[in-house]
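*Asks:* Here is how the chains run, residue by residue.
There are 2 protein chains.
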Amino acid sequence: MSDIARIESADIADLARGAAILGTGGGGDPYIGQLMALEALESLGPVELVAPADLPDQAQILPVAMMGAPTVMIEKLPSVDQFVVAVEALGQYLGVQPTHIACMEAGGVNSTIPIVAAAQMGLPLLDGDFMGRAFPELQMVTATLFDIPATPMSITDDKGNAGIFNTVSNLWAERLARVATVEMGAAAIVSLYPMRGDQAKTSAVAGTLSLCVRLGRAVRQARAAHTDPVAAVAEVLGGRLLHLGKVVDVVRRTTAGFARGEAKLAGLEHDAGATLTLNFQNEHIIATRQGVVLATAPDLLICLDVDTGEPITTESMRFGHRIALLAAPCDSRWQTPEGIALVGPRYFGYDIDPVRWNQVSL
Amino acid sequence: MSDIARIESADIADLARGAAILGTGGGGDPYIGQLMALEALESLGPVELVAPADLPDQAQILPVAMMGAPTVMIEKLPSVDQFVVAVEALGQYLGVQPTHIACMEAGGVNSTIPIVAAAQMGLPLLDGDFMGRAFPELQMVTATLFDIPATPMSITDDKGNAGIFNTVSNLWAERLARVATVEMGAAAIVSLYPMRGDQAKTSAVAGTLSLCVRLGRAVRQARAAHTDPVAAVAEVLGGRLLHLGKVVDVVRRTTAGFARGEAKLAGLEHDAGATLTLNFQNEHIIATRQGVVLATAPDLLICLDVDTGEPITTESMRFGHRIALLAAPCDSRWQTPEGIALVGPRYFGYDIDPVRWNQVSL
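These protein sequence lines map, in sequence, to chains P and Z.
Residue 1163 is where the first sequence starts when you use the working numbering, and the numbers rise one by one after that.
Residue 1163 is where the second sequence starts when you use the working numbering, and the numbers rise one by one after that.
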């Protein structure tokens, strides 16, 4: 059974905050995702959550997601009608009626877009995803580790253009969908990884939508109780504080459909005198302090506002922002050799071994 | 009735030469197109040609073409099996059985690829195309002037990747298919502009495959009779000689899926002392001599070897090549305001009015 049985409009603020935490810097403005989901649930009612373990083997699951640079979405809001268009385009191409909607990514707007689609289509939503966090490329899902193909996939834009891809690998799905996304204006809606219940059961990271709600709630309750919201998040995720710092520099550029760059956090309090560098490609990939790599993807690198515990995306980082950087463990399947090949530092172009969230003595 | 009733293997050398003439610099190496079509016709027998006027109104026509930079095709030969894959992918998506194959472009390999597909599928081929020459972008067809949509279209590559696009305009089809083509390795096979017989009847440029055969034959016969093959081509097309020159410079680069550049032809004989510049984007767009624009797209600018009358593509132009540059009239529909907007000099980025093939006194 799922941790929580349904998502109601009252859960959305917590869920969006939690999704931004798992978004590890990427995933877009959580406020936009929150507004979209709130509007859908208030007008259409709650969305039923189904745990992967409770899926019928023959369930027909169509995940839906936004692809592109989160930076762009702030200026160009996704149209809520587009989500169903993408799901239906894939369903029609496959000749199947979906029985469940799913998230591919439990991070940022990709946690809330499927809620909107599920509400609009009157379908239950999988309580889980296929990353357990956010990653920037579409082959970076546990489904790839289980040889579940990303295609057939649909891709749609806000102008009414649509495409279907059938590719020889999930990396080729990423390559073709990425260039189409860039041409479509750096943001597109995709429905991909169509799968049966038995496939989702074995490959999904279970319970991540419930986890988003619990994470967001923990921050809210800590603030109400005047306890430390950052510590509350670390406790829920089983992670730890890596660095307390003030943003002194952010370099961000939108290239090839990604937000890439780095941020420098000058240490505060017990970290005073040490500057930490965060490298990101939509999501935070590497944290380095005084030449020492403190933690890397696939473990989670999470920036929270020191005082409020609010998650901070790479787009919202500003000079002077006081940030608590947490590291937390990823789903264990990412720590296999196959997982590291797919989402480890070398894939992102850094010639270093992965460093676990708790590996370095601070 | 079509000018010639069928294409046989004995016609292919003439047809490929004629197609390279209409290719106006683009369209790829005619020898490659010739080999592919020869092999198909020798093993599978002749392909029936059908004049647009003879099409049943309910005929289901699926055109097929190669998209990309012709430069690339010289190093990466298209696989003949890919053509049928593209046509069948579109037919399956549409749920129709094609009754006829067609060329979108009567130029270079896009005249011979549909012959291969027609032979392999045992279908008749339209004696016509939708440009009456070659143009570099997929919206640049008479079908666009008749509001016939380019999509649904299929796109396939040599690795086994495939896509379907549904776009809001033919220009959007070009944009999305172009970036996919570039990612696929700068060459892809597309099946597009699916149309009925009545649509093809009104929009096609009739007789252009027969014209290719007649053009190629005229060159061959002139050579055999020791008469001037260049004059023979000019006569068949109703064009004229613009410039006789020797290639002294060629700048060519493959960018955004196109071969772009310019060639300089130092004048010979009565053109001695005057250098002509040809600007091309796959095809020749503008011919300028001593600051005077002599002719522009949409009229045809054709480079032939001075002595043999063999067409010369932009890829095969070399220093020292002695070239006769012909200009010839395009299909009259390109000279309407809508046609000029689609394929005139301004679309290609030159801020000049179009100049007709016979407009300037030489």
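A couple of the hints might just be wrong.
[What the hints assert, rightly or not] Partial chain Z-side listing against chain P, Cβ under 8 Å, derived:
| no. | residue |
| --- | --- |
| 1 | Ala1324 |
| 2 | Ile1326 |
| 3 | Trp1334 |
[As the list claims (entries may be wrong)] Which chain Z residues stay away from chain P? Per the calculated CB distances, all over 12 Å, these:
| no. | residue |
| --- | --- |
| 4 | Ile1194 |
| 5 | Ala1339 |
| 6 | Ala1436 |
| 7 | Ala1503 |
| 8 | Phe1510 |
Just so you know, the hints here were simulated from the structure itself, not pulled from any lab data.
Each residue gets a CB set at the ideal place from its N, CA and C atoms; glycine is no exception.
*Asks:* Now tell me, hint by hint, if it's right for this structure.
*Replies:* Outcome of the hint check:
| no. | hint | in the structure |
| --- | --- | --- |
| 1 | Ala1324 | 5 Å, holds |
| 2 | Ile1326 | 4 Å, holds |
| 3 | Trp1334 | 5 Å, holds |
| 4 | Ile1194 | 25 Å, holds |
| 5 | Ala1339 | 9 Å, violated |
| 6 | Ala1436 | 42 Å, holds |
| 7 | Ala1503 | 20 Å, holds |
| 8 | Phe1510 | 20 Å, holds |
When held up to the earlier numbered hints, the structure conflicts with hint 5 and nothing else.
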